[in-house]
Amino acid sequence: MEKRQKTETPPVDVLSAIDHDNLKIIAVKRRYIDQPVDYNLDVRTKIAALKASPSVVSLISFSGESVLCQGSGFIIEAEERNNTVMTSLNLIRRPRDTKFGDNKLADNLKIVVCTTTENTYFGEIFKYDFHYNILIIKFTSNVFLQSCCLRMIDDDFGPKNSYELRPHTPKANPGDTVVAVGRYFCRPFNFMAASAFFSMDRCEYYDCGELLSIQCSITRCGEGGPLVNLFGEVIGITFYEIGHVTPVLPINIACKWWDHCKKYMELRHPCYGFEASSLYTTAAIDTLEKFINRFPSVSGGVLIEKVLPGSSAELAGLCENDIIIKCDGRTVKSFLELWNLLWIKVGDSVEFEVARIDFSTTQRINIKVGEAVPDELNSWPLYVIG
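UniProt numbering applies: residue 1 is where the sequence shown begins, and numbers increase by one.
Since the hints were derived computationally from the structure, they do not count as laboratory data.
A hint or two may mislead.
Once the Cα atoms are required to be at most 30 Å apart in a straight line, the calculated DSS-like pairs of lysine-lysine come out as [claimed, not checked]:
(1) Lys263 / Lys104
(2) Lys138 / Lys326
(3) Lys290 / Lys256
(4) Lys262 / Lys345
(5) Lys326 / Lys263
(6) Lys171 / Lys51
(7) Lys51 / Lys104
(8) Lys256 / Lys345
As the structure is a computational prediction, the values presented were derived from the model and not from experiment.
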């Protein structure tokens, strides 16, 4: 599926070699949605954003000679002058009349990468995934560029024993300031930033159950850019949504996906038959009180919010409001921790130990971790330009 597309050797300035009249028209027509508008950043937030800025690029896709889309991305690997960019697959999806993007690429694609040094290069489509909406682009630069620093999201927010505390760990907690950053697609490729409060809220209207949401607005050309913490470390990929909510794919998911792609040159889409979240981020306060009273030795878990009809999870007896506390004998305290364990178990069975508050009991349930088939892949909104 991911046939590597060859591109020509770029000139010194790629944009100067492209008839970009269409690009100018779009910039004027969409100025209200595409211009950077956040002027309310405090000093600490500005410094955090600027730490990430060297790795943030602007991306312009063309279908034939027509501009298809603009977005942002970030350099996750830089070896000598060979650079790897991660971004949103919406950059190159084939447009359609419905809200959700087609699981096909546009025809005759060309990608231009615009860097912080104001240089432009042709990018090469290296890997893509319709399920997680991720695109990997490679390009060779004439100067050395900087890759970003990554920080996995730790979504275990349950109570800690004193020996578990880690002072000064750069962990993003709900309510902490985070920054969505991107780069504008017209010279001088201005850096863009929008601050928000970090949260573990879910995106209710998206198929992808691993998505988080933050309360801020990014521009359309900011899609695919990184979400960074106050240390300037990338913790997620942002996606454009109309309104004041920005969907975010945790960098944990994206990195696990990318590491698997590099090692096996194949995609992986775990299918486990339920929707869930970390116990302490979702459960009502009265539920947590009952959980603590009835299972005092357990400090966290994963709350089952929905079991999909006909799934292996339903057939195995997993129920809504069950709390997974162990997976194959290993203590599980958060959703991302469980997701990581399920990723390596695709095709195999796992044993869950679940707590049931109403009965003050635990039960062992065996579930087979499946692989999503093509018609089970996530659907993603695609907001086309024009």
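message: Tell me if the straight-line CA distance from Lys326 to Lys263 falls inside 30 Å.
response: Holds - the C-alpha atoms of Lys263 and Lys326 are around 28 Å apart, at most 30 Å.
message: So if I understand the rule, the pair passes when the alpha-carbon distance is 30 Å or less; does Lys262 with Lys345 pass?
response: With a Cα-Cα distance of about 18 Å, the restraint between Lys262 and Lys345 holds, given a limit of 30 Å.
- request: Sort out whether Lys345 lies within 30 Å of Lys256, counting only the CA atoms.
  value: The hint holds at about 13 Å.
- request: Quickly compare the C-alpha distance for Lys263 and Lys104 to 30 Å and report which way the hint goes.
  value: holds, 25 Å
query: Can the restraint linking Lys138 and Lys326 be considered satisfied, given a maximum Cα separation of 30 Å?
result: Roughly 40 Å separates the two Cα atoms, so the pair is violated.
message: Just to be careful, I want the Cα atoms of Lys290 and Lys256 compared with a cutoff of 30 Å; is the pair within it?
response: violated, 35 Å
query: If you draw a straight line from the CA of Lys51 to the CA of Lys104, is it 30 Å or shorter?
result: violated, 35 Å
query: Holds or violated: Lys171 with Lys51, Cα cutoff 30 Å?
result: Holds: Lys171 and Lys51 sit about 17 Å apart, inside 30 Å.
When held up to the earlier numbered hints, the structure conflicts with 2, 3 and 7 and fits the remainder.
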